[in-house]
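Colleague: Listed here are the chains, written in short residue letters.
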Amino acid sequence: MGLDKNMRILVVDDFSTMRRIVKNILKQLGFTNVVDADDGSTAWEILNKDKIDFIISDWNMPKMSGIELLRKVRASEEFADIPFLMVTAEGQQENVIEAVQAGVSNYIVKPFTPETFEQKIKKIFEKK
Amino acid sequence: MDINYAKPFIEATINVLSTMAMINPKAQKPYIKKNNKALGDVSGVVGFTADGGKKGVMSVSFSKKCAVQIVKNLLGDDVQNILDDVQDAVGEITNMISGQARAKLAEMGITMKGATPTVIMGDNHTITHLTKDKIMAVPFTTDYGDFVVEFSMSE
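Protein chains in written order, with our numbering: chain A, 29 to 156; chain B, 747 to 901.
Honestly, the hints are just simulated from the structure, not real lab data. Hints may contain errors.
[Said to hold, decoys possible] In silico EDC-like links for lysine to aspartate or glutamate, alpha-carbon gap of 20 angstroms or less:
#	chain 1	residue 1	chain 2	residue 2
1	B	Lys859	A	Glu143
2	B	Lys859	A	Glu96
3	A	Lys51	B	Glu853
4	A	Lys55	B	Asp889
5	A	Lys51	B	Asp823
Quick caveat: nothing in here was measured; it's all calculated off a predicted structure.
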């Protein structure tokens, strides 16, 4: 599967600034079919209502964290195959390992450039 | 407090602001504070914890001018409500500096978890660090005004 510019992307972050930065970068890259959520539990509700093709999520969030959302997604029957990009300020090696073990598709440590963002997304969809 | 602890915070601050907000802050000489108050117009504060009861706190206090410029650079035309956006952006900047600094501290053998940042707004407010530990301050200058990063860690 190549990069489908019309795919429905769910951006999850408790800070509206980061949701907007991510959406702005996605827009620059040609992705405009984007919805957002401010934590994992809201994201889970959206997943169950909407058809989501790709999840981009922060790690540290209130109520349901990004790693909890990732585990829930991977454990589910319907959403297990959705590509999941973790974008987080947690750059310690143990966090990366934990996310990989939970089935993350790729991992970006904040701060990041739009170029890094694009490369990480491309890598996810090259693999598929 | 070990002066070497300042390095992860300085590097993290420069990296976060230059990468995300296209602002290149210049670090001035770190110093140990004589009081426990931080002065600024907008501050982000975040606590750190580690196994064994080790604790820390970090704050980033911006002048209004500097905080507004950061938001403009982060969001471009997307600025909606400048007060809300400054509050949210300073929280996220604090979060990113905290994450980067903790990753660098981990390389020095100090592993700490970060809490969710809180943001305090108000002209010339003061933050009182609730700690008996020494507080290290690193002043930064930018083309858009100054800011200061402060941190303390229990030994």
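Colleague: Each of the hints needs a verdict: does it hold here or not?
Modeller: Do the hints match the structure? See the list:
1. Lys859(B) - Glu143(A): Violated, at about 29 angstroms.
2. Lys859(B) - Glu96(A): holds, 17 angstroms
3. Lys51(A) - Glu853(B): violated, 32 angstroms
4. Lys55(A) - Asp889(B): violated, 29 angstroms
5. Lys51(A) - Asp823(B): holds, 13 angstroms
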